[in-house]
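A.B. asks: Each chain, letter by letter, is given below.
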Amino acid sequence: MNVAVAKTGGGRAVSDLFASAEGRLPGSPSVIAARREAFETYERLGLPHRRIEEWKYTDLRVLVGEVLPLAAVPDAAALKRAADAVKAHAIAGACKLVLVDGVFAADLSDVKALASEVSLKTLREVLANEVNPAAGDLLQATATDAVISLNAAMATDGVVVSVADGTRLSAPIQVIHIATAAAASAFTRSHLRIGKGVRATVVESFVAAGKASGYQVNDAVILWIGDGADVAHIRLMDDAADAVNITSQFVTVGANVKLNFFNMTSGAAVSRLQGFVTLAGEGSDLSINGVNLLQKTEHGDTTLVVDHAVPNCVSRETFRAVIDERAHSVFQGRIIVRPDAQKTDGKMMTRALLLSDEAEADNKPELEIFADDVSCGHGATAGALDESLLFYLKARGLPEKQAQALLIQAFVGEAIEQIADDGLREHVIGIAERWLERRS
Amino acid sequence: MPLLEVRNLHVRVEEREILHGLDLIVNEGEVHAIMGPNGSGKSTLSHVIAGKPGYEVTDGQILFRGEDLLEMDPDERAAKGVFLAFQYPVEIPGVTTMNFLRTALNAQRKARGESELMVPDFLRKVREVSKSLNIPQDMLKRGVNVGFSGGEKKRNEVLQMALFEPSLCILDEMDSGLDIDALRIAADGVNALRSPGRAMVVITHYQRLLNYIVPDVVHVMSKGRVVKSGGKELALELEASGYAQFEDAA
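Same order as they appear, the protein sequences are chains V and H.
Using the working numbering, you'd call the opening residue of the first sequence number 1 and step up by one each time.
Using the working numbering, you'd call the opening residue of the second sequence number 441 and step up by one each time.
Calculated directly from the structure, the hints in this document are not laboratory data.
For clarity, every value in this text was computed on a predicted model and none was experimentally measured.
You may find that some hints are simply not true.
As the list claims (entries may be wrong) - Quick list of simulated restraints, FRET-style, between CB atoms: (1) V/Gly65 <-> H/Glu556: 44 to 54 Å; (2) V/Arg438 <-> H/Val530: 21 to 31 Å; (3) V/Lys401 <-> H/Gly617: 24 to 34 Å; (4) V/Ile429 <-> H/Asp621: 33 to 43 Å; (5) V/Asp84 <-> H/Met558: 30 to 40 Å.
By construction, the Cβ of each residue, glycine as well, lies at the ideal position given by its N, Cα and C atoms.
Let the hints inform the model, and build the full structure from the sequences given.
C.D. replies: Here is the structure:
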């Protein structure tokens, strides 16, 4: 059953979707109340459209137009396909936490391999705990945004992870989201609490199992990072070509934190990563990098808000988009410097490489500065491959596509090189290489 | 059969004709120098032989071992053994010299139906060649030509020549931007590559380079044609009397 979403104000069809799904959603009474409140917000706002500034280039009413019914709980066959996908996409040595069609799959996860300093619960069990009066807080919308509200209303599961203060994790924690169901939606929501002084690497992967297609993902991550932590956060979105993936991330960064975030988008007909990072403690160093690899008619949107709320923090953003055929890349980056955030050092650079005349890039960097002793800047470029470089490579024997591939790899390399871990960097390079092979 | 035969070549760039019926024959093992004033069409000739886009061949032929080069893409020409050493080699940030060399060499081998060179064999070969050209190993780990001095860029071109082992090397004004020491090093590298099976076409303004790379034949180009050919002494004559006498001949 496909459910069409009505215009602003919601409609009967969406209400039916929520009503039909509500019984399957985990929740104590406080959670049910939070869900209903969130859904009312969604209904009031409707799917985002171009008249909302933050969604100007990604009009979901046009690009998506409907919210699909909730995916069924995966059966044995689906779990078997998911197991194959885990093998294909697992990072070597990582401790895997697997969600299949929006539901945590313990049998596919390495629950027992988690370090003793790491506590894991599923969102489902926390929400269903009737004696936990604060469970509803886990579904707080945290922003007035329709997709986030819908996520809060419909979230089926996710991981609630806490890493104890002072822990140095030797292996990455990889959360793998696997879609097995066609034409269905999954709503996931994870809470990650990284304690003070922790060193950790968190990887999120979004993949399709087998021939899963036409599905929708609405994911939210709420990440809290304690003082003095050193965190690498890698997100790899490699969904089916006709999937929709909307992810919202809320990150609160403590003092003297080193956070290195990297996102790679390849695949999905429509995707948007919207990140809201608040630098809440002094002396932190934030590095946000990303690569969008888009082809056919894919639409990939990266929207980031970095909020310098306190003084003496550094933020660096490096984004690269490679856009082929009739694909469309969007980068919106906003750096906010609050009045007290003196000595802020924020830089943002986004570059788009257009591989066809019909490819489109929209870059919108913004600075909102309310302090006077700061160093902030941004840059945005869009252009084609340099013909003189191409000719040099071809004159050395590289066929056109191979020469292009080498230059594209070099173009995205600046962002990928920010990944410190050799194994993870190689993994990401492998994704980029496979994308290049698909286009040749 | 000549290695390279250019017949009645006419070339336009946009609306302007640069080459007006150029003829040239280069045999295996020969070193030819092409000299001429600015704007005479020397670089255009080298670019057209290598297949650079933007040039319209309106008449004539370029035959390489009897095959029509103009029918081939630049990479096919390279795989056949045509090498253009650029006057101003481009910088390619993000592509390490080592990766570039291996990718290019294997692309050429693949095009010729040869097996790709495995990493250990390739590394051994690069080490040997770079050592003979005094190219430090750390230069090979940097982006292609990124941060290289003029001399380093030219040595990198010579390194590629040595690795790819082309049959025809066209050196487009390799003396530009080089001091005398860098010039000598680059020229020594070129001389080491002279062989009976390989021909070279050295394009230059100045006789100076020909003190180091001694040609068998010297051609004078003016206004898009070869207007005089002779032995190496022709270069000395040009040095003494300049190009003015040939402007009228064109």
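A.B. asks: Confirm or reject each hint.
C.D. replies: Right, here's what the structure says about each hint:
no. : hint                              : in the structure
1   : V/Gly65 <-> H/Glu556: 44 to 54 Å  : holds, 49 Å
2   : V/Arg438 <-> H/Val530: 21 to 31 Å : holds, 28 Å
3   : V/Lys401 <-> H/Gly617: 24 to 34 Å : holds, 33 Å
4   : V/Ile429 <-> H/Asp621: 33 to 43 Å : holds, 40 Å
5   : V/Asp84 <-> H/Met558: 30 to 40 Å  : holds, 32 Å
The structure fails none of the hints (numbered hints given earlier).
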